[in-house]
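There are 2 protein chains.
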Amino acid sequence: MQAGIVGLGLMGGSMGLALKELSMFKSIVGYDINALHLQQALNLGLVDEGVDFEEILQCDVIFLAIPLEAMIEVIAKLKGVSKHCMIVDLGGAKQKVLASIPKEMRKNFIAAHPMCGTEFYGPKAALKGLYRNKIVIFSDLENSGEFQRALAKEIFIGIGMQIIKLDSKSHDRHIALISHLPHIISFALANTVLSQEKKEMILALVGGGFRDMSRISKSSPIMWRDVFKHNRDYVLEALEIFENELAKAREMLYKEEYEALEVWMGYANQLQNFV
Amino acid sequence: MQAGIVGLGLMGGSMGLALKELSMFKSIVGYDINALHLQQALNLGLVDEGVDFEEILQCDVIFLAIPLEAMIEVIAKLKGVSKHCMIVDLGGAKQKVLASIPKEMRKNFIAAHPMCGTEFYGPKAALKGLYRNKIVIFSDLENSGEFQRALAKEIFIGIGMQIIKLDSKSHDRHIALISHLPHIISFALANTVLSQEKKEMILALVGGGFRDMSRISKSSPIMWRDVFKHNRDYVLEALEIFENELAKAREMLYKEEYEALEVWMGYANQLQNFV
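Keeping their order, the protein sequence lines are chains A and B. In terms of the numbering used here, the first sequence has 226 at position 226, counting the first letter as 1, and numbering is strictly consecutive. In terms of the numbering used here, the second sequence has 267 at position 267, counting the first letter as 1, and numbering is strictly consecutive.
Bear in mind the hints are in silico, worked out from the structure with no lab data behind them. From the three backbone atoms N, C-alpha and C, an ideal C-beta is built for every residue, glycine too. Errors might be hidden in some of the hints.
Looking from chain B toward chain A, a few residues come up when the C-beta cut is under 7 Å (computed) [unchecked claim]: (1) 122; (2) 124; (3) 127; (4) 149; (5) 153; (6) 242; (7) 257; (8) 267.
Straight line, CA to CA, 30 Å or less: simulated DSS-like cross-link-like pairs of lysine-lysine [unchecked claim]: (9) A:198 x B:128; (10) B:255 x A:169; (11) A:96 x B:134; (12) A:169 x B:134; (13) A:218 x B:103; (14) B:199 x A:153; (15) B:199 x A:199.
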């Protein structure tokens with residue numbers, strides 16, 4: 001089989017490295033709309049060969065690792081792939097992408113969301129082992145073809161991932177809380193400090209807490225613009241819950257209700273039972 | 001010289017381990033109001049010996065590594081230490097503690113804030129090397145005695161720290177943004193998810209972003225209650241800036257101004273030039 005990867009950044013490039021370790025692919029080819037990125041990906045050995053988009057259509061397995069709006073455009077161009085072709089999208093929001101898929105292509109399609117990544121992006125961010133021992137969420141898997149479901153399981157288990165199945169609506173709602181909200185918070189925290197006149201002096205004092213809390217604020221603005229666009233309603237819902245929670249803390253602090261604040265923080269400590 | 005540590009948790013216990021590597025102390029003794037913690041600290045070898053509080057008064061160097069309200073109580077009990085005694089507080093907010101110091105003891109006192117730690121607490125959280133290659137902020141150092149200033153520099157440089165001097169007002173204002181705000185955000189993020197009916201299912205999906213953003217929500221509620229109490233005004237100020245920044249993002253999302261949202265995130269990316 002031949003695998004093709006559209007988008008050779010952090011996720012796509014790392015997928016190239018992961019697929020190379022499987023014995024099932026004769027070759028792994030890549031396409032990137034950015035010629036520099038394609039060249040970088042080849043130099044880094046993320047894929048075996050760079051190809052034109054037309055050649056991607058001939059692949060047995062096609063991974064889409066691009067921003068969500070571009071994903072919808074590319075899916076429209078994949079019309080006419082063969083019955084046994086598998087198209088896997090690695091995007092971070094599912095409902096809109098799935099709604100965009102032409103009915104006749106739906107069985108070809110696997111909606112996969114690997115719960116891993118880093119704040120870096122582009123081919124140079126690609127990492128061997130990025131997917132290993134991480135979770136991947138398959139959404140609305142029952143709508144994928146039987147052949148594609150079996151192949152997807154083989155590949156994702158093969159690269160070391162644990163599969164969780166979730167309907168696309170629950171995916172988007174839960175992921176808004178567990179991933180999209182933390183990102184928007186991190187961007188806001190970074191901007192809070194960067195907006196300060198004395199930011200250089202303040203940032204010279206950084207300890208581990210701020211470092212961890214601000215790490216994902218370095219993530220790709222284009223990728224995240226599309227995620228927030230695709231999952232707007234659930235992100236707004238998650239933001240409202242968070243803002244209310246933060247307002248509770250602010251009120252307790254304002255009213256100097258320190259015992260209540262301590263109880264509120266103690267409740268947060270329960271997270272250690274889960275994560 | 002003999003060193004005494006009051007409070008044998010993460011910071012005090014790690015200080016014991018760090019001081020043991022210096023040749024300047026004949027012995028390092030420890031006191032903890034919690035008898036179990038004292039026993040654990042001894043079992044873990046964090047200090048050479050456990051002592052009564054009265055014996056701490058005889059030490060040449062006294063480290064205070066306890067919650068800020070307890071710190072003020074203990075400082076009052078340290079009245080009468082000798083001229084060359086050095087008392088170092090390791091607390092995370094400075095103005096109120098410094099204001100509480102009796103004038104006749106002010107030269108004995110060094111206000112030090114090591115910018116390091118973990119989310120864990122208690123003696124079992126103590127780590128060898130916690131302080132190495134980290135920053136320590138000395139506040140209002142000019143009010144400390146010449147002897148104490150020289151000794152503090154020797155000790156903190158000796159355990160591998162980089163010293164930054166900052167007046168206590170600037171310390172509290174900057175640290176509200178860079179440390180206290182991230183903690184209150186992390187507690188609020190944890191509570192946002194923990195308040196969900198389907199929290200188990202949601203938390204099964206956790207990736208690296210949420211993991212990092214929620215890590216410090218596991219921190220000690222008692223310690224943080226006191227920090228927030230001591231630095232209430234600046235924390236409220238920092239919260240207001242952050243809440244406005246987050247409201248900007250919410251507004252853009254609500255109004256579907258995705259290009260503006262992308263610019264806002266791109267601005268946050270500038271953090272990579274500093275951290």
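Exercise. Honestly, which of those hints from before does the structure not fit?
Worked result: Of the numbered hints, 1, 2, 3, 4, 5, 7, 9, 11, 12, 13 and 15 do not hold.
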